[in-house]
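Number of protein chains: 2
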Amino acid sequence: MVKLPEIFNRYYPYIEEELKSLFDNRNLFLYDMMRYHLGWINNRGDNISNNSGKKLRATLCLLACESLDGDFRKALPLAAAIELIHNYSLVHDDIQDDDKQRRHRPTVWSIWGKPQAINAGSALKVLASLSVAKLGDYNISSDKQVEVFEILNNSCLKMIEGQFLDINFENRSDITIENYLEMIEKKTSALIEGALKIGAVLNIEKSKLEPFEKFGRYLGLAFQIRDDILGIWGNNTKTGKPQGNDIRKRKKTLPIVFCLQVSNKKIKERLLKIYSKKRISERNIGYILSLLNDIGSKRFCEEKSIEYYQLALKEIKNLPIFSDKVSHFKEISRFLIKRDF
Amino acid sequence: MVKLPEIFNRYYPYIEEELKSLFDNRNLFLYDMMRYHLGWINNRGDNISNNSGKKLRATLCLLACESLDGDFRKALPLAAAIELIHNYSLVHDDIQDDDKQRRHRPTVWSIWGKPQAINAGSALKVLASLSVAKLGDYNISSDKQVEVFEILNNSCLKMIEGQFLDINFENRSDITIENYLEMIEKKTSALIEGALKIGAVLNIEKSKLEPFEKFGRYLGLAFQIRDDILGIWGNNTKTGKPQGNDIRKRKKTLPIVFCLQVSNKKIKERLLKIYSKKRISERNIGYILSLLNDIGSKRFCEEKSIEYYQLALKEIKNLPIFSDKVSHFKEISRFLIKRDF
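Here the protein sequences come in this chain order: A and B. The numbering of the first sequence is the numbering used here, which starts it at 1027 and goes up by one. The numbering of the second sequence is the numbering used here, which starts it at 1027 and goes up by one.
Isolated chain A (complex conformation):
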């Protein structure tokens, strides 16, 4: 078992407090749907012990800021913002994918219906923008705020483009590994890049953000491919995903895309036929798992993930950060490709 790096635990309570402050005096039930999604209450409105994810993006944002001038607090409104954007995307993703479960709990739409879940997701995104406006309280200049807005919205647009491509790929049989990597670079890396860049830009000029962007890109790719691996071969209580889960949901993640690219026509057609069914039987899932095993799909994905991990490590050397913070960036990178949750 790989443990969550200590830095996550250090920032966590600050992030939660900042997030919760955005919900002060917001009494409409709309906000309770968001509180539910964020893991603060159950669907009857009772407070529950927290269940709201690792906060990877917020952590990266705070670390990027702290590693440049020793202070992370002024980046808290941005950490909250990036976390809310991530969560808005999850609420909408669950609607789009018809997913009934997330983090072992019923999804927002499965309780309150898709129309209201669309509103809850959209409102999370707007709260994120309003959080950025709180930078003024930390004496961050308006010029910097404008820079943050632009980075954040460009990241967000890229993420939506990625989500568009992901859904678009569902109905296509000609997706190459290259297409796939391009898609996850948008869908997953964009927001991780954005998290690092907005944290860093509070302390350095925006023309100097490139190493943070590159590091974020590689980290996002490694992270997503690890996610793809866990989505098929992960089988533990933490992710809550049974083996073959992404196959069950007919997701064309990297292990499947690899299979489609390297298999012969007959196997490819059989795979696509199974994927075209409304429901995939457990027998078919077993068939696909053995197929992926035969062609070494898991190994290919692991190697690809390590490839990006190594690129990320290399990029850490180019970050203009305090040397005592380097280990945090390394630890997080290592965790993301080793994690089983």
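It should be emphasised that the hints constitute simulated quantities derived from the structure, not laboratory data. Wrong hints could be hidden among the right ones.
The list treats identical chains as one, so a pair stands whether inside a single copy or across any two.
Here are the simulated BS3-like pairs of lysine-lysine, each with C-alpha atoms no more than 25 Å apart in a straight line [claimed, not checked]:
1. K1184 <-> K1046
2. K1080 <-> K1364
3. K1304 <-> K1140
4. K1234 <-> K1356
5. K1303 <-> K1324
6. K1303 <-> K1140
7. K1080 <-> K1275
Once you've looked at the hints, dock chain B against the given chain A.
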């Protein structure tokens, strides 16, 4: 027939040009769904002659700016932004309401499915934020940009709250006229207030926006109630709405809320029973129309709409604008309560 005030035609080409500039070099099909919604192309991607609404909110934004210093051009990025936010809300509304038609054309979701339509709507919202960032090109200070961002996102959040309440009301039988007015003040007025305020704030201090906000609130209420009237009694080719259309869609608009509030228990129960059906028959629509007629529902709504129109007119006197622009505000107000499209 009431004619569209001349000021709409004057601004229209500038707004369109500004909007289109935001789509330059955006080649992903995601953007074509948005271009389709904005009335620029058909669903095969061919350019079509324009069919994209009056641009009320963009027009109000430009007018607010021009009426304070004689120049509307610097507000163009904001006019585009507010129009995009309005259109994002329409794309999502159509999904939420299961509406297959908008402006005589199939809705985005009805062609490309709800998952991708959610993406198209969300991306319109992000493009709106990126449009605000273009204010820098007009030498608008970062301080002003931050003010605009805050106004815009607060308006947007209020609009989503209104949309939440609107959907929430569908399953409730106890909606009062007061509840209803509160809902449309959020759902409709918020964005109209926002349009005026962001246009005005380029030229005046944000502490001086109150008359614009009030004018926008009353105008929005008058506008929405006129919309409710047209939704039931409108019957012309411009709105594309047949008589009783909102009844057909089981919408609880003001004429129905009034009916529920003033009718006796028996009639109220009958009305709610009809509204609880999956499909409302033409006979039932006829029954409800005659019911509304008997209790004077149309007249009540018309009076209410005129009441807000008069409050709006009164508020125009408090706007700190050039006197030669007053007539435009009056004309627009008059148009909005007289229009039959």
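Hints, one by one, checked against the model:
no.	hint	in the structure
1	K1184 <-> K1046	between (27 Å within a copy, 19 Å between copies)
2	K1080 <-> K1364	within (15 Å within a copy, 55 Å between copies)
3	K1304 <-> K1140	both (21 Å within a copy, 18 Å between copies)
4	K1234 <-> K1356	within (21 Å within a copy, 51 Å between copies)
5	K1303 <-> K1324	within (24 Å within a copy, 52 Å between copies)
6	K1303 <-> K1140	both (24 Å within a copy, 20 Å between copies)
7	K1080 <-> K1275	within (24 Å within a copy, 43 Å between copies)
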